[in-house]
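K.L.:
The opening position of the sequence shown corresponds to residue 1 in full-length UniProt numbering, with each subsequent residue numbered one higher.
Be aware that one or more of the hints could be misleading.
With a straight-line cut-off of 27 Å between C-alpha atoms, the simulated DSS-like cross-links for lysine-lysine are [claimed, not checked]: (1) K10 / K40; (2) K211 / K11; (3) K144 / K32.
Distance ranges between label pairs, derived from CB positions [to be verified]: (4) R164 / I77: 21 to 29 Å; (5) D60 / E21: 13 to 21 Å; (6) I77 / D36: 40 to 48 Å.
In case anyone wonders, no lab produced these hints; they're calculated from the structure.
Ideal Cβ positions, reconstructed from N, Cα and C, are used throughout, including at glycine.
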Amino acid sequence: MSDKFQSDLKKLKEYTIEMGEFSITMFRDSLKALNDMDEKLANDVIGRKRKLAEYNNNIDEETLRVLTLYHPVASDIRFISCISQMNTSLYRLGRNGKDIAKLITILPNTPHLNVFKNICHMGDYVANMIADVLEAFRTGDISKILDLGKRDNYVDNLQETIFRESFTYMMEDSSNISRCIEYVMVSRYLERMGDHACLMGEKVYFMIEGKKIEFH
């Protein structure tokens, strides 16, 4: 393949990494805004949806252009397939961040229930999973993503714990119902992002090793 083709692939990789960093920050900031009930930060996160959509559309267009223009094969096809999955998952990560930030307008501005500590832990854990996938994509080092399946199981267990704890709070005091419903919704967002980390990790592994693996 031509030098121009390799240059285009390099730019596409760099742009995808840039999107990944943007999406992870958007996601982390949404959880911080929810933890602090920071409406200003929440509105800032919500406003980033336009930039997120721009990343998503540009990567879609560029991958299609590269496929049409160069007709890549073998490892380059694996690379583009990986980019496509990452674009989808990173866009969903940012969108979930926006949706989490919107919950600040719904939740009462009172101290969080104790179950929220598990949500914060779960969110940080999932963000780290995705950051490790992005780093593997950046460097070609798969060592940090080989345990994604185990980590995803831990996320699933956390989601179940949050559901049980929230249900207990609702049974004890009906005034907790609306808040706990939102907690459960957030935990579901986080659980899905753990799944997306696995999907991206599988594509990154295939891109690097040329062999398929299942984490999820």
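K.L.:
Indicate, hint by hint, whether the structure satisfies it.
P.N.:
Tested hints:
In summary, the hint linking K10 to K40 is not supported, as the alpha carbons are separated by about 36 Å, beyond the 27 Å threshold. For the given pair, K211 sits about 25 Å from K11 by alpha-carbon distance, which is consistent with the 27 Å threshold. Annotation: proposed proximity of K144 to K32 holds, straight-line Cα distance about 25 Å (limit 27 Å). Judged by the Cβ atoms, the range 21 to 29 Å given for R164 and I77 is violated: they are separated by roughly 44 Å.
For D60 and E21, the Cβ-Cβ distance of about 19 Å falls inside the hinted range of 13 to 21 Å, so the restraint holds. Roughly 45 Å separates the CB atoms of I77 and D36, a value that falls within the hinted 40 to 48 Å.
Checked against the numbered hints given earlier, this structure breaks hints 1, 4; the rest are met.
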